[in-house]
Every structure is written in structure tokens, then in C-alpha cells.
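Participant: So the chains spell out like this:
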Amino acid sequence: MLVKGRSQKRSDDMADDIQKSKLDALKKTARPCFQCGICTSSCPVFRVAPELNPRVSVDSIITKGEVPREGNEWLCAYCLMCDQRCPMGVSLAEILMEIKNISAREGKAPPDVIESAESLMADGCLSPISSRSDKKRTELGLPDLPKADPADVQKLFKATGAFEVLEINKAAQQEEAAE
Amino acid sequence: MKYAFFPGCTMAYRLPFAEKSVRMIAPKFDIELVDLPFTCCPEPNAIRAMSDDTWITFAARNIALAEKEGLNILTACAGCHESLSLAKHELDASQEKKEMVNGILKNVDVEYKGTSSIIHVHQLLFDEVGIETLSTKVTRPIPIKVVTHSGCHLLRPERILHVDDAEVPVKLDLLCEALGMEPLDYMDKTMCCGAGVRKTNSVTSYAVLREKLTSMDMVEPQAIVVFCPTCFITFESGQRVVNRIFGTNFMFPVFYYTELLALAMGLPDTDLLLDEHRVKIDLPKTKEVQDKAKVDLGDSLASSP
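Those protein sequences? They're chains A and B, same order as listed.
Residue 79 in our numbering sits at position 79 of the first sequence, and the numbers go up by one each step.
Residue 105 in our numbering sits at position 105 of the second sequence, and the numbers go up by one each step.
Zero decoy hints are in this set.
Pair ranges (Cβ atoms, derived): (1) Lys135(A) <-> Glu220(B): 32 to 40 Å; (2) Lys155(A) <-> His89(B): 22 to 30 Å; (3) Arg69(A) <-> Leu274(B): 44 to 52 Å.
Cross-link-like lysine-lysine pairs, in silico, DSS-like; alpha carbons within 30 Å at most: (4) Lys199(B) <-> Lys170(A); (5) Lys97(B) <-> Lys27(A); (6) Lys97(B) <-> Lys170(A); (7) Lys28(B) <-> Lys147(A); (8) Lys64(A) <-> Lys108(A); (9) Lys97(B) <-> Lys22(A); (10) Lys98(B) <-> Lys108(A); (11) Lys2(B) <-> Lys136(A); (12) Lys171(B) <-> Lys280(B); (13) Lys155(A) <-> Lys106(B); (14) Lys22(A) <-> Lys106(B); (15) Lys199(B) <-> Lys155(A); (16) Lys113(B) <-> Lys22(A).
For the record, the hints were derived by calculation from the structure and aren't laboratory data.
Don't be surprised by glycine CBs; every beta carbon is placed ideally from N, CA and C.
Could you put the whole structure together from the sequences, leaning on the hints where they help?
Facilitator: This is the structure:
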């Protein structure tokens with residue numbers, strides 16, 4: 001492993017601060033949960049893949065003060081059924097979304113998420129625009145849609161920290177491939 | 001009425017015929033659609049999961065473009081609608097967040113103010129146009145049995161979106177009824193189609209879809225009606241994958257609601273839309289009922305107090 005220079009050390013500390021403040025916010029959001037489990041019983045993913053259990057994810061935050069590390073948060077389809085039904089107004093889907101943010105900053109985002117981020121950065125759009133899709137639009141008499149200035153897209157991408165998260169994940173992917 | 005039209009990437013580039021149907025019906029209700037250089041909404045599941053700040057800043061930029069033109073936004077995809085509405089809700093509720101976002105948007109000469117509202121085609125037709133006006137435009141009713149799926153991101157979070165009752169949605173059913181269809185109730189009506197995890201874990205995603213389709217199949221509908229392009233693709237193309245993985249035999253025709261509206265209004269060139277469908281349906285031919293509709297309207301007006 002490489003020895004980290006001073007500037008690398010400083011940015012690591014800053015990253016730790018971001019992660020800590022995110023975890024503190026999560027603990028506060030999760031606090032009203034009394035573990036009734038209606039979130040889990042309403043979850044369409046739990047129905048077919050019980051490893052995603054919103055109640056258990058929140059339990060780990062409340063009782064251990066830890067973000068669950070199994071990576072199951074990426075199974076959440078963000079359908080918000082748990083959010084709708086929680087009697088304490090705790091948005092489990094939003095908590096899982098925050099856990100995804102924390103995981104992503106640790107380089108644990110799944111490949112498809114990285115891909116989506118890359119196409120947003122490249123095209124400002126997630127569905128690939130191809131000559132075929134353009135031809136179809138013309139056939140249907142649909143207008144050419146105006147596009148955002150790619151330079152603007154890049155600026156926003158960098159200024160909001162997405163570029164950094166993308167780099168962290170790409171490095172993690174390469175490290176994994178090397179192992 | 002004029003709107004900044006936000007078809008979204010999925011509709012624009014993967015389901016252009018659905019976009020066509022929105023553009024076909026809009027002028028019939030005196031709606032003018034304006035195209036602006038929007039980016040992806042951005043899609044909440046991937047982009048927001050990676051960076052919350054990136055998600056809200058891109059969404060704020062999109063909304064701000066419409067604000068600059070003094071226009072409200074008309075969305076056509078449930079995902080875009082939810083993403084933009086949630087971002088707006090967060091920005092309007094927190095001065096701190098708004099300042100953070102505007103600090104970044106300054107670099108691209110845009111400012112989020114919070115002056116434009118966001119509505120989906122579902123709301124435009126049900127809340128603004130209304131079932132009564134809509135019914136008067138129907139000249140060729142479509143007598144088929146359907147199940148409806150509004151889409152998670154149109155229904156929830158209900159406290160912010162207010163599109164329909166998130167546990168017992170009925171408005172899309174009523175919109176279908178207005179076109180002569182018979183909407184059927186089914187067990188898992190508010191359940192997700194599974195699209196949200198399709199790329200991350202496809203088998204899980206298709207298992208969710210299998211549950212959903214099984215529930216629909218129990219009431220024997222002739223078609224599925226949706227108001228979201230992502231749900232459309234999940235049902236229409238996804239059912240084949242479900243069949244392959246789980247040995248099922250689903251083969252439902254799927255419609256985006258305004259396609260059926262265009263058909264029922266007897267608009268020209270609707271064949272263009274139907275040709276793009278992967279599962280075809282022979283829609284029962286009905287006689288033109290324009291004259292009858294006029295008579296009916298006369299009767300109901302005459303009998304009203």
C-alpha cells in the first residue's frame with residue numbers, strides 16, 4: 001500500500017468529517033423508530049429477497065450507532081412504501097438513501113450506479129442517445145430536444161462532489177480487479 | 001396554458017411514441033408545450049444514491065430554467081416528477097440548502113427561486129382538465145378490461161406529491177373509465193414494478209415484477225395502463241424476462257395513458273403509436289359516438305337542478 005502524503009491525509013480527515021456528520025444526522029432521523037417492522041412487511045424487495053430488511057438496517061443505527069456494512073442498502077428500489085406506512089414518520093427509504101451516500105463515499109457503489117453517474121457527466125442524460133433513437137424521434141415527427149451545455153454539466157458535477165465520489169469508486173474498482 | 005415540458009430521458013429516447021401521444025393530445029386541451037435544455041431530472045436511485053448534493057443541484061438547475069421563462073413544469077415520467085418535486089420541497093423548506101445550491105448554480109448563470117410549480121400529465125388531466133371535459137372529447141370509447149399502475153414515484157411520498165391516495169389510488173382508474181374502459185381492482189395495486197433495482201440486482205428486480213404481474217393476472221385484464229415510461233418498459237419488456245427466468249407465461253399489452261386517450265379521441269396517426277408496441281392488441285372496434293355524446297351531455301345538463 002502507498003504511503004499517504006500530507007495533503008492526502010488532510011483530505012482523508014475532511015472526508016471522515018463528512019461521513020461523521022452524515023452518520024450523526026442519520027442517528028437523529030432514525031431515533032423515533034420503535035422497531036414495529038411495518039416497513040419490512042410492506043417492502044416489495046423483502047418479499048422476494050429477505051436480505052434487504054429496512055427494520056434491521058435502522059436497528060443497527062439506533063442500537064450500535066453504526067451504519068450497517070452488508071451492502072444490502074443497494075437492494076432498496078426506493079418505492080417508498082416503508083416511508084408511506086411508518087407510524088412514527090421515519091422515512092426508511094430516505095435512511096437507506098443516506099446509507100447509500102455513505103457507502104458511495106467509501107467506494108462501495110455498485111457498477112451500474114457508477115455507469116449512470118458517468119453518463120450524466122458525459123451526456124447530461126441517463127438513457128443513451130443513439131442514432132437509432134434520434135431516427136425514431138424524426139419518424140414520429142418529434143422535435144429535437146435542446147440540450148444542456150456539456151461544460152455546464154461538468155462544472156456542476158465537479159462542484160457538487162460527484163466527480164470525487166466517482167474517482168473514489170473507480171479507484172476501488174481497480175483495486176478490486178488487481179486483487 | 002403553457003408549460004415547460006419535461007419528458008425525461010427514458011421517455012424521450014426509449015419510449016418516444018409515448019411522448020408523441022402527450023404532444024398529440026396537449027393542443028386539444030389548449031396546452032402549449034415548450035422545450036428547454038434540461039438535463040436528466042436526475043434519476044433518484046442512482047444519482048442521488050451517489051451524491052445527494054449532485055442530485056439536488058441538477059434538479060434545481062432544471063427547475064430554474066423553467067422559472068426563467070416564467071413557466072410551470074409539466075412532467076410525463078413518475079421518476080422525473082418525484083425527483084423534481086422532492087428537490088423543490090427540500091429547497092423551499094431550507095434557506096441553507098437553497099443558498100448552498102445557488103452558490104454552485106452561480107457558476108452556470110442560473111438561480112433557483114422557487115417560483116415554478118411542477119405537475120405531472122396525470123394531474124393535468126385529472127385535476128386541471130377534469131373527467132367531465134375529458135369525457136366530452138371521447139369519440140371512440142375503448143371497451144377493454146384493464147389494470148392500472150400509477151407508479152410509486154407518482155404516489156409516494158404522498159405528503160409531498162399529493163397526486164392520489166398512495167394506498168388506494170383511484171384517479172387513473174377514473175381516467176380509464178372516462179375512455180370506456182373497465183378498470184379492475186387487484187391485490188398489489190400499489191406495489192412497485194421492481195425497476196429501481198433492475199440494474200443493481202436483476203434477479204431480485206424480476207422477482208418483484210413476477211409478484212406484481214401474478215397479482216394483475218389474477219383478475220384477468222386485457223391490458224396494463226401506466227403513467228410512467230420506466231414502469232411501461234418494466235412491464236412490456238420485463239415480462240418476457242420474467243417468463244424466461246421463472247417459467248411464467250405473461251404477455252400483457254401495456255399502454256401509457258395518453259396513447260389510449262389519443263385513440264379514444266379519434267386523433268389521426270395513432271397507428272404510429274401502436275406500431276411501436278411489442279405486445280399488440282386488437283382493440284375492439286366501436287362506432288363513432290360523437291353525436292350520442294352530445295345528446296348525453298344535453299340530457300345530463302337538462303336533468304341537473
